[in-house]
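Protein chains: 2
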Amino acid sequence: MVLHPVQHPARMVPIAFLIAIAIGTLLLMLPSARTAPGATPFLTALFTATSAVSVTGLIIVDTTTYWSRFGQGIILALIQVGGFGIMTAATLLGLLITRKLRLSRLLIAKAETRSIGLGDVKDVMRLILAITLGVEALTAAILTIRLHGQYGLSFEESLWHGIFHSVSAFNNAGFSTFSDSLKGFAPDFLVLVPIMFAVIVGGLGFPVLFELRQGVRHRSQFSIHTKITIIGTALLLVVGFVGVAAYEWANPATLGPMTWPEKLLNAMSHSVMTRTAGFNSIEIGELHTETLTLTNALMLIGGGSAGTAGGIKVTTFLLLGFVVWAEIRGEQDSNIFRRRIGRQTQRQALTVVLLSLSVIAAGVLFVLSVTDFSLDVVLFEVISAFATVGLSTGITASLPPSALYVIIAIMFIGRVGTIAVASALALRERHVPYRYPEERPIVG
Amino acid sequence: MVLHPVQHPARMVPIAFLIAIAIGTLLLMLPSARTAPGATPFLTALFTATSAVSVTGLIIVDTTTYWSRFGQGIILALIQVGGFGIMTAATLLGLLITRKLRLSRLLIAKAETRSIGLGDVKDVMRLILAITLGVEALTAAILTIRLHGQYGLSFEESLWHGIFHSVSAFNNAGFSTFSDSLKGFAPDFLVLVPIMFAVIVGGLGFPVLFELRQGVRHRSQFSIHTKITIIGTALLLVVGFVGVAAYEWANPATLGPMTWPEKLLNAMSHSVMTRTAGFNSIEIGELHTETLTLTNALMLIGGGSAGTAGGIKVTTFLLLGFVVWAEIRGEQDSNIFRRRIGRQTQRQALTVVLLSLSVIAAGVLFVLSVTDFSLDVVLFEVISAFATVGLSTGITASLPPSALYVIIAIMFIGRVGTIAVASALALRERHVPYRYPEERPIVG
Ligand SMILES: [K+]
Ligand SMILES: [K+]
Chain G
1 MVLHPVQHPA RMVPIAFLIA IAIGTLLLML PSARTAPGAT PFLTALFTAT
51 SAVSVTGLII VDTTTYWSRF GQGIILALIQ VGGFGIMTAA TLLGLLITRK
101 LRLSRLLIAK AETRSIGLGD VKDVMRLILA ITLGVEALTA AILTIRLHGQ
151 YGLSFEESLW HGIFHSVSAF NNAGFSTFSD SLKGFAPDFL VLVPIMFAVI
201 VGGLGFPVLF ELRQGVRHRS QFSIHTKITI IGTALLLVVG FVGVAAYEWA
251 NPATLGPMTW PEKLLNAMSH SVMTRTAGFN SIEIGELHTE TLTLTNALML
301 IGGGSAGTAG GIKVTTFLLL GFVVWAEIRG EQDSNIFRRR IGRQTQRQAL
351 TVVLLSLSVI AAGVLFVLSV TDFSLDVVLF EVISAFATVG LSTGITASLP
401 PSALYVIIAI MFIGRVGTIA VASALALRER HVPYRYPEER PIVG
Chain L
1 MVLHPVQHPA RMVPIAFLIA IAIGTLLLML PSARTAPGAT PFLTALFTAT
51 SAVSVTGLII VDTTTYWSRF GQGIILALIQ VGGFGIMTAA TLLGLLITRK
101 LRLSRLLIAK AETRSIGLGD VKDVMRLILA ITLGVEALTA AILTIRLHGQ
151 YGLSFEESLW HGIFHSVSAF NNAGFSTFSD SLKGFAPDFL VLVPIMFAVI
201 VGGLGFPVLF ELRQGVRHRS QFSIHTKITI IGTALLLVVG FVGVAAYEWA
251 NPATLGPMTW PEKLLNAMSH SVMTRTAGFN SIEIGELHTE TLTLTNALML
301 IGGGSAGTAG GIKVTTFLLL GFVVWAEIRG EQDSNIFRRR IGRQTQRQAL
351 TVVLLSLSVI AAGVLFVLSV TDFSLDVVLF EVISAFATVG LSTGITASLP
401 PSALYVIIAI MFIGRVGTIA VASALALRER HVPYRYPEER PIVG
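So the sequences go chain by chain: G and L. Quick note: the first sequence, position 118, residue 118 per the numbering used here, numbers continuous. Quick note: the second sequence, position 362, residue 362 per the numbering used here, numbers continuous.
You can take every hint at face value.
If the Cβ cut is set under 7 Å, some of the chain L residues that face chain G in the computed set are:
| # | residue |
| --- | --- |
| 1 | Gly-94 |
| 2 | Thr-289 |
| 3 | Ser-305 |
| 4 | Thr-315 |
| 5 | Arg-347 |
| 6 | Leu-354 |
| 7 | Leu-368 |
| 8 | Ser-374 |
| 9 | Leu-375 |
| 10 | Asp-376 |
| 11 | Leu-425 |
| 12 | Arg-428 |
Since the hints were made in silico from the structure, they are not lab data. Please read these numbers as outputs of a predicted model, since none were measured by experiment. Just so it is clear, CB atoms sit at the ideal spot from N, CA and C, and this is done for glycine as well.
Model the full structure from these sequences, guided by the hints.
Rendered as structure tokens:
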């Protein structure tokens, strides 16, 4: 049973994203998409389209002033397509993987490969759409009311900013129609909290949201995946919150001048946004190096699988942690919550992490060698691109074209690469040839 | 069968090293050990003793001017004790591990646990001593002749510097009796090449040297461990050489002003010394950031197991690479050169790497938060300490006491930690309790 390469489900995701980016680039090059006369240069359009479709949020031109309302609308559409696309694709691939055994048997019986119930696919897409629109509508409503009531914007303006930020937040995109992102709202709980809510919900991933919904209705048992994701997310949020608050409490350029409830709010906001929404209510370029380094770690881990967040994912990270813990405790199996983690799953997690680190290392070396920036800011920029975070210390616009093309590639690989690789590995049929005798090299 | 905790072989190594460091600290605090009057402060003595015993080579006072000839002799002795100690201990633990199965059966039969032939232990120590003294004598002879003949030093002076550098080189210690390390010899093939030879031989590790000797005599098959170590070492040397040459070729502060044979020699020298001898013939603080970053990677990987080099070790690194490669190829087993790598070995390699990265991350975050240095130099310093390299961009002496204590701890953990942890994991008896059913979280 040989699938045509392009038909392989794990390969269709990158192709679909490439098409979306190509269309987005063309649309953004329309003269009416920008405020100034003439067409946007190709590289600027390609970078912005890739950043939007991959829901990264890195920018080389100011979203507020460079793009017309029509251009901003294109960006908004690309974000929605990209976010919905990745959530749907990753969920369906996840379903395929969990049904792999059944599918394999079908394959052996030479049955039709497309036999994954089309009903399921439609159901999944319908549910994702419902959750997306529900959360976005709720967030947009709160933001619109707040912007209109508190900041004196016209209702139409408030509605536009409200919709844009709710879509950008739920899809963990981090694009903002305000030139200074959310810095103007640093003291405002009623703006930051709804956005944080949308970011967290979008970042948990559909499988978790689906189970939470089922669980509340039917008091059913949660899967390991849901347990790890929720506990890991809570843990990482606390680590980021405590770390940022401790490191930045007295920094005169960030939390220093704030009242203490504002300090707490903005430490939490930074903790939420690093995984991996990318809005910022404090100036990233002014953070202490230790805060940037902690942020690097949180960005790299990212959010939940099959959601709008990026990174290697919470489950991948914690799974390797549990494997190490089992090894330290001397246990034969690696268990999480009384469930055994198969060795193929362990090996897949290791593969995803090491390939991710290789891409990041190659990207960092390249950008360092074509610029004069320090490791601090380059590492931050590359991890931000790979994990589709979109935070920057401010160097993006000063990168030379070669580095911008590399960042574009990294955003693309970071968005579809981990998912495509992980799914391709999990979906592949294993060949079990002659087994070689075991030998033990010395470790460490 | 319960071993007294202190008797556990993997635990005896850290204890022995702690004792050596304590004695070294006391000796270095003797007034006659320094050139100026009075006793050396405790922290200075502790830092230097730890750096010498762990064969790291980081210094906060100039070895040439701060210490008397007697003090330098103490440092030399500590290097020799540390290098010989780690090589012997790691080799014996490695032997224990390969005999684990037999030992386990003995344990079950309640037999005497100390039953590993004492004859073996003596043989191993005698062989290590012979190789050590042989390589050191050869290197010292060449260096002495060269220093005496070319640089106009008295024979006694030449002999002292020759011995010091040969011992420091074979033990991958990186201490130098010249204030500018080997920078004064940057154009001199006849100084740098013998030192590079001693460094590489010491860094391959005893198991490899033993097999090479056997192999030449009996044309016997090499083990996987030896094959991986030699191929990996050659590969990493080439990567370092090409990378440093390419990045630094035109840097006016490093390779720039040299003739091209000197450029090649010094690129090779830097490539060799990063893994993990720590001499430098070019100024580390003047290297481009991309070269520092490449050096970071090479330092972290380090040299061969059960030798005088540090780092996570070549085998550990390549083993994980082969596991990933097997996963990408869809092979059921992870094989290297037609031998299967057991899953426990894989898990141990993963554990060593992740624990190492955790120690480095914690160290970097701590040093960043008590100093104003950038990530570039702090990451370099911490990796250099952990992998017992001893290269520095020059910040060591300016670190506050709290950071120096952390660097001391990191040198110690880096030297004995990976070996102790890896051996403890491998030597432990596994308990196989009730097996939980398997479940698959989504990876990536
Ligand atoms: K983002
Ligand atoms: K060293």
